[in-house]
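Q: If you want the building blocks of each chain, they are given just below.
There are 2 protein chains.
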Amino acid sequence: MERMRLVVPEMRELLEARQVEDVKDIIAGFEPVEVAEVFEHFNEVEQLSLLKDLDPPTAAKIFEELHIDEQMRLISGLEHRRAAGVLNEMSPDDRADLFEDLPEELGSRFLALMKQPEAADVRELMQYPSNTAGGLMTTKYASALEETTVGEAMKNLRERARKLEVIYYLYVEDRAGRLVGVVSLKQLVLSAPERRLSDIMKSNPVYLKLEMHQEEAAKEVAKYDFVAMPVVDELGRLRGIVTVDDVVDVIETEATEDMHKMASMQVVDEAYLRVGFLSLARKRIVWLVALLFIETLSGKVLQVYSGAIEAVVALAYFIPLLTGTGGNAGAQTSTMIVRGLATGEISIRDGTRVISREILMGLFLGLILGTFAFARAYWGEGNLALGLTLGTSVIAVVTMATLAGSLLPIFFRLLRRDPAVMAGPFITTLVDVVSLIIYLEIARRLLF
Amino acid sequence: MERMRLVVPEMRELLEARQVEDVKDIIAGFEPVEVAEVFEHFNEVEQLSLLKDLDPPTAAKIFEELHIDEQMRLISGLEHRRAAGVLNEMSPDDRADLFEDLPEELGSRFLALMKQPEAADVRELMQYPSNTAGGLMTTKYASALEETTVGEAMKNLRERARKLEVIYYLYVEDRAGRLVGVVSLKQLVLSAPERRLSDIMKSNPVYLKLEMHQEEAAKEVAKYDFVAMPVVDELGRLRGIVTVDDVVDVIETEATEDMHKMASMQVVDEAYLRVGFLSLARKRIVWLVALLFIETLSGKVLQVYSGAIEAVVALAYFIPLLTGTGGNAGAQTSTMIVRGLATGEISIRDGTRVISREILMGLFLGLILGTFAFARAYWGEGNLALGLTLGTSVIAVVTMATLAGSLLPIFFRLLRRDPAVMAGPFITTLVDVVSLIIYLEIARRLLF
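Going down the list, the sequences are from chains A and B.
Those letters in the first sequence? Residues 347 to 794, per our numbering, in order.
Those letters in the second sequence? Residues 347 to 794, per our numbering, in order.
In case anyone wonders, no lab produced these hints; they're calculated from the structure.
Computed from a predicted model, the values in this text were never measured in an experiment.
Keep in mind that the hints are not guaranteed to be accurate.
Intra- or inter-copy, both count: the list cannot distinguish identical chains.
Claimed, not checked - Think about it this way: if two alpha-carbon atoms lie no more than 27 Å apart in a straight line, the pair counts; the simulated DSS-like pairs of lysine-lysine are:
| id | residue 1 | residue 2 |
| --- | --- | --- |
| 1 | K629 | K486 |
| 2 | K501 | K646 |
| 3 | K486 | K548 |
| 4 | K370 | K646 |
| 5 | K548 | K629 |
| 6 | K398 | K569 |
| 7 | K532 | K461 |
| 8 | K569 | K370 |
| 9 | K548 | K501 |
| 10 | K646 | K555 |
| 11 | K548 | K370 |
| 12 | K486 | K398 |
| 13 | K532 | K370 |
| 14 | K501 | K461 |
| 15 | K501 | K370 |
| 16 | K509 | K629 |
| 17 | K486 | K532 |
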């Protein structure tokens with residue numbers, strides 16, 4: 347629901363009349379993401395004047411909810427010093443993402459104008475690849491030494507609170523900066539002020555590693571149901587936290603990426619309407635051409651058996667039915683297996699169990715589908731041998747397809763490659779070629 | 347990472363020796379979900395004795411992380427009074443899910459043994475369909491009247507804190523129970539004790555509605571990046587909260603469901619290895635049979651044009667290449683569009699833009715693919731007319747496929763049906779039939 351759209355005309359009038367305080371009042375009644383949602387209804391002059399008029403923390407909160415392309419456009423339009431002010435206040439993780447996309451020269455200029463600690467923060471976070479826990483984490487977290495008392499910790503938190511925006515956990519470190527425990531804000535509030543953190547903390551805390559892939563990191567956060575999880579370096583020192591809102595985005599993105607791969611195309615990592623025509627075409631054409639070449643093999647197969655087809659042209663009538671049915675069964679299996687491997691429902695250890703189950707499933711489904719196919723060919727063409735050929739072929743092809751649809755993703759996972767490409771059109775195309783060999787070989791034996 | 351697996355043998359020995367305190371110490375060092383993960387390594391006697399020996403709150407936290415089938419098995423194995431003790435301590439949302447699956451008689455017996463408020467809570471939550479915000483929400487939230495002072499609110503929170511487990515926000519109600527504002531725990535900690543909640547609260551708060559579909563509710567929570575969002579009834583009264591950890595599960599589940607639908611099968615809502623063979627077969631066969639019947643149409647098309655195929659058998663060689671290529675392009679488009687509609691990247695308003703873009707894309711991809719196909723047919727068969735027939739057909743078929751792949755999902759969304767079924771095998775099968783008509787019609791004109 348876009349609650350804010352109704353007030354856009356009013357805001358525009360107020361902006362024009364330079365009644366800045368009234369604009370601020372309106373904005374204060376909504377969430378930053380809502381303001382960002384209606385941002386496109388303003389023209390660039392209005393957008394820039396909004397960002398300039400608001401205090402930097404509020405401007406930053408709205409700004410970081412915009413699409414990165416918008417961020418790039420607006421930050422370049424702002425006066426540099428003003429831009430640095432907004433950048434100072436942004437969430438460290440969103441800010442690092444923006445700097446990664448900024449032209450280097452502009453980035454350095456902003457860094458020079460930003461506050462020292464914030465600029466250093468950007469430089470640190472930019473070291474980590476964006477698809478790792480390090481790339482996902484923010485550095486705005488609360489930490490304290492284990493010997494700190496609850497009272498001191500609360501006092502420090504109060505002082506730092508305005509910077510921290512959200513506080514769910516206080517992470518406890520030893521003198522070497524190693525993560526040794528975690529205390530929830532609730533526990534802190536409930537504990538006597540004179541107790542030490544080491545007494546009330548949960549020791550042996552779970553953590554993520556800097557270099558962990560973001561998908562794995564997201565799975566860990568989701569598994570533990572934590573609102574945030576600490577990230578440590580190879581020496582066990584606390585370097586940042588990954589918050590659950592970023593995890594939600596990762597889970598969505600990873601599912602989208604898997605779907606694209608499962609449709610035999612390269613991952614489109616931008617919104618459909620934002621990605622350029624040629625860039626989208628390039629992501630699609632590579633696989634399409636590769637699959638077209640695989641499909642030429644089916645032409646070769648048909649050529650080899652052309653004698654049979656010339657003798658019984660009706661054989662050709664059932665080619666789409668046969669290859670289609672096999673492909674459909676293979677698509678079902680591969681989709682379930684790829685998804686199961688992605689969510690962790692299926693692991694490599696289940697491999698043989700999964701594959702043998704799918705072979706059985708293929709036989710069972712094939713038997714039902716083969717019966718329909720037999721009936722269609724027998725009654726349709728009045729040819730028993732043709733009916734039997736088709737029926738048997740359907741059973742064999744569906745079984746082959748469920749085998750391929752389960753074996754190939756599991757095999758790819760074993761090789762530590764992404765199983766997602768072993769699905770959809772790729773499986774369907776493979777099945778096409780093999781189906782024809784099975785079909786025409788069975789025909790040769792039964793019909794001639 | 348299953349950190350806990352190493353201590354399982356030790357725990358088993360301790361359980362056998364009835365050294366309950368030592369077992370408790372071990373468990374205290376881990377997260378409940380970790381204990382739940384290793385639960386399967388114990389036999390039923392050990393599992394039951396663990397649940398009995400632990401204090402009910404700890405037992406409940408581990409218990410609610412188990413799969414619902416395990417929960418059913420164990421809760422029936424526990425002495426009823428003990429079971430009620432664990433149920434009293436469970437999270438309201440997980441507890442309601444369990445009661446929904448329990449045999450009615452057993453459920454009523456537990457309800458009779460449970461504490462009054464907890465039993466009432468189960469009855470209330472069970473009213474809401476499980477795929478709505480009401481079905482997703484928990485009733486363990488903190489609320490206060492708007493005239494309450496910060497000091498009073500903090501005192502109340504401290505008293506209730508042990509029950510509440512997590513506190514991120516304090517929801518503010520008026521005397522009629524209507525949600526009027528929200529205060530974060532951080533704000534509360536930072537505000538002067540004598541201030542009233544109505545002065546420090548964020549008024550006009552965002553909320554979910556009880557009857558909202560869980561997918562929509564999840565999207566809202568994800569959009570606002572909140573850790574929890576309040577759920578209100580039709581009178582605006584606060585009834586519960588949806589927490590982000592449940593949202594993460596919903597997002598995962600909805601993506602899996604979409605993938606299953608996109609593979610033309612009914613949604614398998616259990617883990618692949620848990621769902622029964624026949625139940626899985628049933629979810630797959632319906633679509634497979636339906637698609638097989640659609641594919642019989644392609645046989646009819648070929649029959650109509652059998653004269654052409656008999657005259658130029660080479661026409662048949664390229665059928666799999668043509669239908670396959672069209673199907674692949676259609677699968678790519680439909681996957682992107684269905685996913686875009688699901689994440690909200692694409693909306694109905696973008697409909698004509700998306701469809702015209704895909705027609706253009708189809709022409710462009712078709713041109714490239716058609717050139718390859720032409721080359722293959724011309725040089726492979728030494729027949730220019732055949733080459734032109736195939737080339738032109740590929741262009742037409744790919745364009746038709748991208749049109750179908752974009753038009754049908756958008757049309758289904760317009761009809762308020764799930765676009766996900768308009769993808770994968772369904773599109774491929776439709777494309778098969780139409781491709782053949784296009785191909786053989788072009789052949790008739792160019793070849794004869």
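Q: All hints, please: hold or fail.
A: Status of each hint after checking the structure:
no. : hint        : verdict
1   : K629 x K486 : neither (37 Å within a copy, 48 Å between copies)
2   : K501 x K646 : neither (78 Å within a copy, 81 Å between copies)
3   : K486 x K548 : both (21 Å within a copy, 23 Å between copies)
4   : K370 x K646 : neither (71 Å within a copy, 68 Å between copies)
5   : K548 x K629 : neither (48 Å within a copy, 45 Å between copies)
6   : K398 x K569 : between (42 Å within a copy, 25 Å between copies)
7   : K532 x K461 : between (32 Å within a copy, 25 Å between copies)
8   : K569 x K370 : between (40 Å within a copy, 22 Å between copies)
9   : K548 x K501 : both (21 Å within a copy, 24 Å between copies)
10  : K646 x K555 : neither (51 Å within a copy, 60 Å between copies)
11  : K548 x K370 : between (42 Å within a copy, 15 Å between copies)
12  : K486 x K398 : within (25 Å within a copy, 42 Å between copies)
13  : K532 x K370 : between (33 Å within a copy, 23 Å between copies)
14  : K501 x K461 : within (25 Å within a copy, 39 Å between copies)
15  : K501 x K370 : neither (31 Å within a copy, 34 Å between copies)
16  : K509 x K629 : neither (42 Å within a copy, 52 Å between copies)
17  : K486 x K532 : both (19 Å within a copy, 15 Å between copies)
Hints 1, 2, 4, 5, 10, 15, 16 from the earlier list are contradicted by this structure; the remaining hints agree with it.
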